[in-house]
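Q: One-letter residues, chain by chain:
There are 2 protein chains.
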Amino acid sequence: MKNILIVGAGLCGSLLALRMAQKGFKVTVVEKRPDLRTTVLDAGRSINLALSNRGMRALKTAGIEDEVNKLLIPMTGRMIHEKSSGKTFLSPYSGRNDEYINSVSRPGLNKVLLNAAEEEGVKIYFNHPCKSIDFENTTIVCDNTETQKEVTFQADVIFGTDGAGSVIRSAMINNPDFLFSISHQWLSHGYKELEILPDKNNGYKIYKNALHIWPRGENMLIALPNLNGSFTVTLFLPHKKSYYSFENLTTSEKVTEFFQNEFPDVLQLIPNLTEQFFTNPIGLMGTVKCAPLHYEGKVLLMGDAAHAMVPFYGQGMNASFEDVGVLDRIIENYKTTSSEWNWNTIFETFEKARIADAQAIGELSLDNFDEMKAHTGMELFQKKRKLELAFESEFPDIYYSKYSLVTFREDLPYAEAKRLGRAQDNAILSLLHEHKLDDTLSLEEKLEIVKERTELILEQENKPGYLHYTNSDF
Amino acid sequence: MKNILIVGAGLCGSLLALRMAQKGFKVTVVEKRPDLRTTVLDAGRSINLALSNRGMRALKTAGIEDEVNKLLIPMTGRMIHEKSSGKTFLSPYSGRNDEYINSVSRPGLNKVLLNAAEEEGVKIYFNHPCKSIDFENTTIVCDNTETQKEVTFQADVIFGTDGAGSVIRSAMINNPDFLFSISHQWLSHGYKELEILPDKNNGYKIYKNALHIWPRGENMLIALPNLNGSFTVTLFLPHKKSYYSFENLTTSEKVTEFFQNEFPDVLQLIPNLTEQFFTNPIGLMGTVKCAPLHYEGKVLLMGDAAHAMVPFYGQGMNASFEDVGVLDRIIENYKTTSSEWNWNTIFETFEKARIADAQAIGELSLDNFDEMKAHTGMELFQKKRKLELAFESEFPDIYYSKYSLVTFREDLPYAEAKRLGRAQDNAILSLLHEHKLDDTLSLEEKLEIVKERTELILEQENKPGYLHYTNSDF
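Chains A and B, in that order, give the protein sequences.
Using my numbering, read the first sequence as starting at 1128 and increasing by one per residue.
Using my numbering, read the second sequence as starting at 1128 and increasing by one per residue.
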């Protein structure tokens, strides 16, 4: 039996541990933090997330969908809170009724995964931060922060699922023999989490089944529902170089003035706003792309460690779970076709399958920041969404918006969703701009025109004789 | 008088020191290596470089062009060594006779700059590697490697010109408060330098006034002339995952077989080839992009520390010298318009002026790798070059090829050279592919068609209603 060591018992690491144990591997996990089932961690940091099809697919394979379903609150669309009118309207995520995303508690989901992994025989060492790795001998050294003693772990292979600030990735960067290419791009905006408490009857103060957005161009506030009737609110604001920035919002007066101007309805919903504002930390966001993902079949990066992204597509967790699913299928396929076990071949196949997709969803997530904070409040964009919803409703088997391609088409790689989705967005926006989708046309005629323009844009990209400059893609 | 501290006395640091001293600043330089005027360094590592207009412009401003001119060997074009025929042909760099690049010795040029800087009163500490920096107090700590003692330097501002492996940049990366975004992309190819010695009469064994290229698709060999009649030869080869790779070329037999197959004429020119091959080190190449370039007007990155690039456009040194020229002009302009001295404003202006250009030349340098190792040997590309040379010769004030825009138009920012140059390349290649530049047309008619198609491509990029995805540019 092969020994597997996993560094990091977050969402990705714990699902990976569960699946590997289910396949019969002997699995050990080390985690720097205490067990979140017995300790409350990280007040004020990304408490809930959006779970959608890609993540769900991997959870189903692990047989824990029933447990997970109990944690989910469906969100059928974006509830846009307009600034000028103070009104709200729901912008559905899809024209197909069975397509929606789900709000889920991060620690809640992590608990389910940790319990399932332990039931499957996985041994988890909490309070064991990894401080060094020997790639050649697949050995790591951890500090046991309870006993203050060093502990060494050895295995056949090591998986680095230790998140955006991965220690394993840092070790790869610092090893010049690796030729490890890395891009780490910080976002100019930071975030701060706030909370809307339940009403007196433990009910939801605002509409439960939506992802609420207050789009303000440069700034944005969002809110996702929790099972207990509360909402986790996240404020996205520039760190600096802006009138309304974390750097400038230094007093209760300034914070209150800011909310009065930009989000007056939220002031009513959060009575102790300034207290929360000055208690909770400012979070950083960034995009990480890197290559290679593995070292000679001995160590593999997965999840945020391999492809941290900004949160605006709600795909960080889904992409990490999809990583586990992709590896899972590669191993299954390998088992049935190969006589000798070779991790190098498996990791190489995983890397080939996954790098372009990881980079694609990283870039799509940046696209969606502009879409959420600015476009959702714009007329042209709203026209586009209205048309797309009509297409999806009327021609459910034919049309998928970019959002649907990314979120609801777990059969489609992210890179393909990016290619087709961007072309489609460009097509519709330019056609609307050119007044070529007027209401004298039938919906079917409009769809034909959009498809033609999309084809044209995709063809343009592949025109023979054209040079393609791919180097800036990293 | 303001105190300036410069970390790194390479080409960029020593020119910067000279210019700042000429402006009346008190300048101190620390350099990790010994004084190259008294010690021979780095056998087998990038001994000569191509100096062209952008670099020359900054050297002229510093008043040292006469000294530098003595070191230069004009190279008027690429001398292509064909594989199949064994023949050579000259592909000029420009259709204008006064446009060429120059081979120059790196240590030779560095000596001129160090001498001039010292004559201007600059104090240089050699054997002083910088090991830490205090950004807030603009202080660095160096090891004096001769006395083994720590030395602390303090100044009003610090310039990080410590090259591709910059210690100052690393300190920025490791400081989470900086939100320092970085992309470091290694090239899959490495390089190894070799030498063609002069003939018995100290003459040149191959044509002196060209940059010799042996384009072999995946591999390439180049040679640049030195003043003493020798040539510095550089072999570019994949590190691994290829039949001919540094990983595989482990014996004299394999190296000889490789040269016999790919570069038979070079075997004649370098009798002790395998000895050189196994003595000289393998060099790594990569592209570094980063932002921001400065910390609150206290520390500024320049040269390779800010924008290391692969060597294929011969613009690494030129871009570094241009950095000095740009900063120079910003300071001059600032002096005449501002009453109070503010480095933050100056560095902010430099950063705004320079980041896009630094990223552009980094990407253009990657483009040119494909052009040199593969395209120069292809018929379509040779047709394009022939046409461009005719345009440049016949319409010298109107047409500039991408190569000319980058290399000979020091008045044009790199970003603009990239935008226009790439569109123009795409235009000509697609028109040739579509047989729309047949010889029934006059040269003037052809130029009109090329200009029209170029405009069309540029317009396409700016089409209203289209979304632009800039995030992947980092």
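Just so you know, the hints here were simulated from the structure itself, not pulled from any lab data.
Heads up, some of the hints might be wrong.
Copies of one chain are not kept apart here, so a pair can be met inside one copy or by any two copies together.
As the list claims (entries may be wrong) - Lysine-lysine pairs mimicking BS3-like chemistry, simulated, CA-CA at most 30 Å apart:
1. K1210 to K1332
2. K1462 to K1368
3. K1214 to K1479
4. K1197 to K1276
5. K1510 to K1367
6. K1367 to K1479
7. K1238 to K1187
Just so it is clear, the structure is predicted and the values come from calculations on it, not from any experiment.
Q: Compare the structure with each hint and give your call.
A: For each hint, the structure was consulted:
no.	hint	in the structure
1	K1210 to K1332	within (19 Å within a copy, 76 Å between copies)
2	K1462 to K1368	between (55 Å within a copy, 25 Å between copies)
3	K1214 to K1479	neither (47 Å within a copy, 40 Å between copies)
4	K1197 to K1276	neither (40 Å within a copy, 65 Å between copies)
5	K1510 to K1367	neither (33 Å within a copy, 52 Å between copies)
6	K1367 to K1479	between (39 Å within a copy, 17 Å between copies)
7	K1238 to K1187	within (16 Å within a copy, 68 Å between copies)
Hint compliance for this structure: hints 3, 4, 5 are broken, all remaining hints hold.
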